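S.K.: Chain residues, written in single-letter form:
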Amino acid sequence: MPILSYREAIRTTLIEEMDRDPTVILLGEEIGLYQGTFRMTADLLERYGPRRVIDTPTSEIGFVGAAIGMAMLGLRPVVEMMTWNFSLVAFDQIVNNAAKIRYFSGGQVDIPLIIRGPNGAGVQLSAQHSQSFEALYAHIPGLHVVAPATPAEAKGLLRTAIRGSDPVIFLEHAALYGSKGEVPDGEFAVPFGAADVVRSGRDVTIVAYSRMLGTALEAAAHLAGEGIEAEVINLRTLRPLDRSTIVESVGRTHRAVVVQEQWRPFGAAAEIVATITEGAFDALDAPIERVTGADVPMPYARNLELMALSNAGDIMRAVARTLYREIPTPNGRSSGGQSDA
Amino acid sequence: MADLQSALSWYRRMVLVRRFEEETERAFRRGKIGGYLHVYSGQEAVAAGFISAMRGDDICFTSYRDHAIALLRGSPPGAVMAELYGKAAGLARGKGGSMHLFDVGRGFYGGYGIVGGHIPLALGAAYALRYQGSDRVCLCFLGDGAMNTGAFHESLNMAGLWGQTGHCPLVLIVENNGYAMGTSVARSSAVTDLASRFTAYAIPSERVDGMDFQTVRLAAERAVADARASGRPTAVEAVTYRFAGHGAADVVQPYRSKEEVEQARRRDPIRLLEGHLRAAGLLDDAAAEAIREEAEQAVLAAVRHSEDSPPPSPEALHADVYGKEA
Ligand SMILES: Cc1ncc(C[n+]2csc(CCOP(=O)(O)OP(=O)(O)O)c2C)c(N)n1
Ligand SMILES: [Mg+2]
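Protein sequences, first through last, are from chains A and B. Counting from 15, one number per residue, gives the positions in the first sequence under our numbering. Counting from 1184, one number per residue, gives the positions in the second sequence under our numbering.
Accuracy of the hints is not assured; some may be wrong.
Stated by the list, open to error - Cross-link-like lysine to any residue pairs, in silico, SDA-like; alpha carbons within 20 Å at most: (1) B:Lys1215 - B:Ser1492; (2) B:Lys1507 - A:Pro155; (3) B:Lys1507 - A:Ala203; (4) B:Lys1507 - A:Arg213; (5) B:Lys1507 - A:Thr174; (6) B:Lys1215 - B:Asp1433.
No lab work stands behind these hints: they were computed from the structure. Please read all numbers here as calculations on a predicted model, not as lab measurements.
Just chain A, same shape as in the assembly (with noise of 0.2 Å):
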């Protein structure tokens, strides 16, 4: 198998969908000319030319828009959003109408649209250009939410998206397009709503998507010099959520700790949360952790970000919780990232 960056998956996964169909267009801002905020398109313009490649202008609402109504008559747009922070400002748009109006048409029609870019912190972007909306979204009736953690994930839920008839909010990590994996070749997909078991333990569950799967990940590795195995769950999307993989997991290990990036209220863990509290009341050992971003806009400081954001300490000392024991963690400092009960 080759090994591609994250980067390469989307892309690749772009123009194999753009050979295969040419109902596949893209549309954007500085997504030509430019070769893309993050080179995701570089070169697509010049290989498909200016009808399938749209440079728009700065118009979220415009675009997004537009984007929906090429999907209602058939065409299979994919938006970059330059980072999911412009989104609000299309956010009327994605809400009230790609969710909705297969719904409020009685079905008349199909909206094949993925709405594509990064979403989450990146280093040192402050308040307006660093965060995560997946549970903005993952609210919405109509939409489905793809965070893919590695490049075979980002590549075979793209395939996915492009392929079905429904919204899609494909939320990258900018902080993970240069990683690298192994991606399969080919007509390989993904299946939405399918979470993936990354790691098997018997001593706690640990629930992780996009990002935070790498340092859920990290966490594991520690804890098992601990001698504690830790199961970690890779989401892959958040609607549809497989409950029953995370319910049926917790079944066993009787112990869970969600972690997100975003802010804790309200966030995606707390749904996480209630569907452990839900399927697997009784098999609970102690009360579900979520380990999230501090509760607070994000700051420009270094030192700042670095405490609102969670890390592998502060998911070893969560797992500690769960099972009542004191661990040495490897992140001494006392981080800002909320990880208390």
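For this one, chain A is given, so just place chain B with the ligands on it according to the hints.
M.R.: Frame of chain A, contents of chain B with the ligands only:
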């Protein structure tokens, strides 16, 4: 040239629309229709004029004031009324209601409830039609109030750009009925010559008397032919008037005088067209009466159909949130 002979058939449909709207208001008062109800009375010449210029395979989008668009595009009055009644036999299976009529089979891509929110959809749809290599045209009806939204300006700028390469066969129809709810054009737009606002985006536009069917129709034929031939957007501001309140709940109407409404009613688009037809000898008392009676029967049949037909089944609650793959 739009001949009067064929205008007779549009007169017939305008009479149906007016009678249909009267009945929806009555059904609303009787509690048969829920939610919001925005009727089209007074504006019939605008939709009729433009829809008369559409080809069978052209498409259109509009706002929540959408009953007339569906009826004039040929949706059965019974299915339109059944939608307002929230019945399974409705145009959108009872899932959309008055604001979200939809008849894709007839090229009607929907009524939308967020002011201005449908304009970018029409832009993208127009692009898709050209991308697919057809010469079909997309019409987008919008209110004077919708011109003040960000969605309007972003879409129009992009329409101007995409038109430069012939990828935007879009006809924008501003239905200037004088008001956005209770806010007059003078109180909401820094420029009251609404057609002139399109020049900012290099989109040709004209302002026409939206009460006169023949005038609207001629402008519509020009605009549609232009968009079809060039793949460029064009705009028409049709100056019209809303005879009824904004919605069924807008009873008192403190923002306008009774005299103003009466004045506008003197130029009722249906009576204006009737006058033209009579003057040309195409309509007499008996024929006019027959047309009214035909509309009466069609509307009563639509009401009976709606009252007699069942509501959506409980399974419909969860249907059509996602397509088949989900
Ligand atoms: C974004 C948004 N803001 C406010 C409303 C409430 N609202 C409904 S209709 C309307 C006025 C729209 O006026 P206009 O575009 O002229 O259309 P008309 O009702 O005259 O047909 C408003 C403000 C809405 N539906 N959407
Ligand atoms: Mg108005």
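S.K.: Each hint: holds or not?
M.R.: Tested hints:
no.: 1; hint: B:Lys1215 - B:Ser1492; verdict: holds (13 Å)
no.: 2; hint: B:Lys1507 - A:Pro155; verdict: holds (15 Å)
no.: 3; hint: B:Lys1507 - A:Ala203; verdict: holds (17 Å)
no.: 4; hint: B:Lys1507 - A:Arg213; verdict: violated (32 Å)
no.: 5; hint: B:Lys1507 - A:Thr174; verdict: holds (13 Å)
no.: 6; hint: B:Lys1215 - B:Asp1433; verdict: holds (18 Å)
Comparing the model with each numbered hint stated earlier shows that hint 4 is the single one that does not hold.
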